[in-house]
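S.K.: Letter by letter, the chains look like this.
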Amino acid sequence: MKLVAERLTVHHAGVRVPAVTEVSVALHPGEVVAVVGPNGSGKSTLLRALLGLLPLSEGTVHLDGRPIASWSRRELADVVGALPQREDQSFPLTVAETVLLGRWSRLGPVAPVGSADRAAVTASLRRCDVADLAERRIDTLSGGEWQRVRVARALVASPRLLLLDEPTAALDVGHEMELFELLRRLVAEGLGVLVITHQLNLAARFADRLVLLDRGRTVAEGPPLEVLREDVVSAVFGWPVAVTTWCDGAPQVIPLRRAEAAESGRTVPPPPEDPRS
Amino acid sequence: MVVEVCGRASSAPSASHVSPSFDPRSETGIFVTHGTTSRPRLALPILGLAALVVALGALFVGPVLLSPSAVLAALRSGVGEDALIIRSLRLPRVLLAFGVGGALAACGATLQALVRNPLAEPWLLGLSGGAALGAVIGVVAGLPSGWSVSGSATLGALLAVALVYRVAAVAGRRLDPRVLLLAGVVVSSFAGAVTTALLAVSDPFTFRAATVWLFGGFAGASWESVGRFAVIATPMLAVLWWLARGLDLLSLGEETAAMLGADVDRTRRIVIVTTSILTAATVAVAGTIGFVGLVVPHALRGMVGPLHRRLLPAVFLAGGAFTVVADAVARTVVSPAELPVGVITALVGVPLFAILLRRSLG
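So the protein lines, in turn, are chains A and B. Here the first sequence stands for residues 1 to 277, numbered as in this note's numbering. Here the second sequence stands for residues 1 to 362, numbered as in this note's numbering.
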């Protein structure tokens with residue numbers, strides 16, 4: 001079960017400049033792919049397009065060799081778990097109820113909730129270390145707990161692939177690390193994970209491959225060492241950086257202060273021009 | 001640059017997991033009961049029983065005081081004046097009030113999931129006003145009353161909700177429930193103005209009858225109207241029940257719902273059409289009754305939880321009972337005259353609406 005996008009171009013309604021331009025990306029089971037890039041570089045748009053939630057201007061998305069549009073939403077949700085970046089809590093469900101909603105792809109409109117579903121909820125909660133929160137109301141959770149509950153919901157239908165849009169946004173270091181460690185464990189169990197993140201250094205340590213987007217285009221793609229190069233990262237993010245190496249060999253990006261940049265002879269690249277403005 | 005941890009670290013990224021017991025910020029274990037919720041399993045049977053008691057109790061209420069034995073005798077055999085009062089006046093009236101109230105409450109809960117806001121309600125969103133206008137146009141155009149008026153009321157409700165969406169939904173922007181409500185009120189007012197204009201130029205008899213009907217009430221209840229309402233409402237309520245899990249997903253937000261496998265556009269279309277037909281069915285037999293759909297789901301969500309498989313049956317029962325009580329109050333407080341039942345529901349609903357509105361702004 002793999003997800004392959006080829007030369008995707010996506011326009012938002014009424015906007016002439018595409019949000020994503022000729023981006024190709026593939027996700028296989030057993031790997032973590034991290035999509036990185038500045039704000040507005042098209043990361044979330046790419047994720048939505050991969051899920052068949054946006055009309056494609058050009059290019060194709062295939063899941064398991066079938067065009068994404070030929071999958072019904074329920075079929076798709078059964079094999080691809082996904083997490084949007086933002087989610088409001090409209091009504092005060094409990095954690096267990098929230099996670100059970102992730103079984104929709106299995107249950108459909110009328111099937112009664114069975115013991116298999118309850119077992120899946122418990123297993124998924126345990127997998128994400130939130131089993132003890134099962135009866136809590138979601139509006140009483142901390143940010144970290146809520147994010148892990150949402151991941152548990154994305155996992156509860158036993159998907160083969162997982163697509164996450166900034167799952168660690170607003171999480172502190174401890175919860176952030178916990179979440180990335182969880183992703184790594186899931187991948188060891190055979191899942192394929194695509195994660196959008198602003199944490200370049202964690203992406204470098206946890207992901208097998210990075211996709212660096214800038215203004216809707218792929219600037220670099222490949223193993224972290226090939227993508228996180230000083231010149232590329234500085235130019236894309238419009239800020240001077242140094243890249244060092246952590247002991248496991250992963251590149252680590254250190255944003256420089258202006259004085260440090262000047263001292264070490266690194267130029268501050270001009271802010272990239274936005275063709276949309 | 002020396003990083004001491006490197007000496008002991010293995011070359012592969014560690015897959016060991018930090019146990020949550022090391023998490024000093026975790027609130028669980030300290031406040032185990034804080035925020036936990038158990039959904040009482042017996043809530044639905046108890047509600048059902050309470051609804052039955054209320055409905056039976058309402059049979060005793062009316063301008064003619066009947067003894068319990070007389071009521072029970074009338075229910076058993078249809079002979080005599082008491083039996084006539086119970087069987088052809090009070091029983092259909094209670095049944096109609098129950099059905100209409102239940103349907104309005106179910107519509108309210110459904111629309112609230114659709115716009116993800118506890119302020120949504122068929123009357124506030126303009127469905128009732130549109131249905132009333134449709135019905136009045138039907139009557140003025142000389143349609144034989146009954147089924148055809150129910151039909152024109154449905155058309156009116158659908159047109160109104162389409163118009164409300166047109167006004168509120170700006171392309172590319174997230175639908176703001178408060179703007180939607182404002183659009184609902186505006187469309188309602190417009191429909192109300194046209195309705196009044198149409199009635200003003202109609203004959204005095206129609207004007208009088210229609211005005212009484214518009215305020216909402218069950219004085220005109222008959223077995224015919226109960227039957228007509230049941231035939232439309234039963235399948236629509238079944239559709240809502242079938243939609244229940246889809247509504248749960250919708251209330252998580254469009255994007256989350258789609259990612260979890262819901263067909264958002266289809267669900268939304270079915271919701272709008274179903275609630276329009278259902279609201280129109282209530283308007284055709286009982287006029288416009290507001291706020292039942294606001295008060296009842298709000299009260300019940302805390303009791304049975306927000307999941308619609310339990311919430312929808314619960315609000316139907318509670319909405320039915322609430323409306324039966326409102327109707328009993330309406331026909332007794334100023335006896336022998338009668339207040340429109342919509343007055344009672346508004347007296348309860350408007351203060352609650354104000355509270356909810358303040359909460360949603362805060």
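Hints were generated in silico from the structure; no laboratory data involved. Cβ coordinates follow ideal geometry from the N, Cα and C atoms, glycine included. Just to be clear, a hint being listed does not mean it is correct.
What the hints assert, rightly or not - Under 10 Å between C-beta atoms, here's a sample of chain A residues computed to sit facing chain B:
(1) 17
(2) 82
(3) 84
(4) 85
(5) 86
(6) 118
(7) 122
(8) 219
(9) 225
(10) 243
What the hints assert, rightly or not - If you want the footprint, here are the derived chain B segments under chain A, 3+ residues with CB under 8 Å:
(11) 130-143
(12) 213-222
(13) 335-344
Claimed, not checked - To give an idea of the chain A side of the interface with chain B (calculated C-beta under 10 Å), a few residues:
(14) 1
(15) 4
(16) 93
(17) 94
(18) 97
(19) 104
S.K.: Now look at each hint and say whether the structure bears it out.
M.R.: Taking the hints in turn, this is what the structure says about them:
no.	hint	verdict
1	17	violated (15 Å)
2	82	holds (4 Å)
3	84	holds (4 Å)
4	85	holds (9 Å)
5	86	holds (8 Å)
6	118	violated (14 Å)
7	122	violated (16 Å)
8	219	violated (24 Å)
9	225	violated (14 Å)
10	243	violated (12 Å)
11	130-143	violated (count 0)
12	213-222	violated (count 0)
13	335-344	violated (count 0)
14	1	violated (16 Å)
15	4	violated (19 Å)
16	93	holds (6 Å)
17	94	holds (5 Å)
18	97	holds (6 Å)
19	104	holds (5 Å)
In summary, the structure is inconsistent with hints 1, 6, 7, 8, 9, 10, 11, 12, 13, 14, 15 from the numbered list given earlier, while agreeing with the others.
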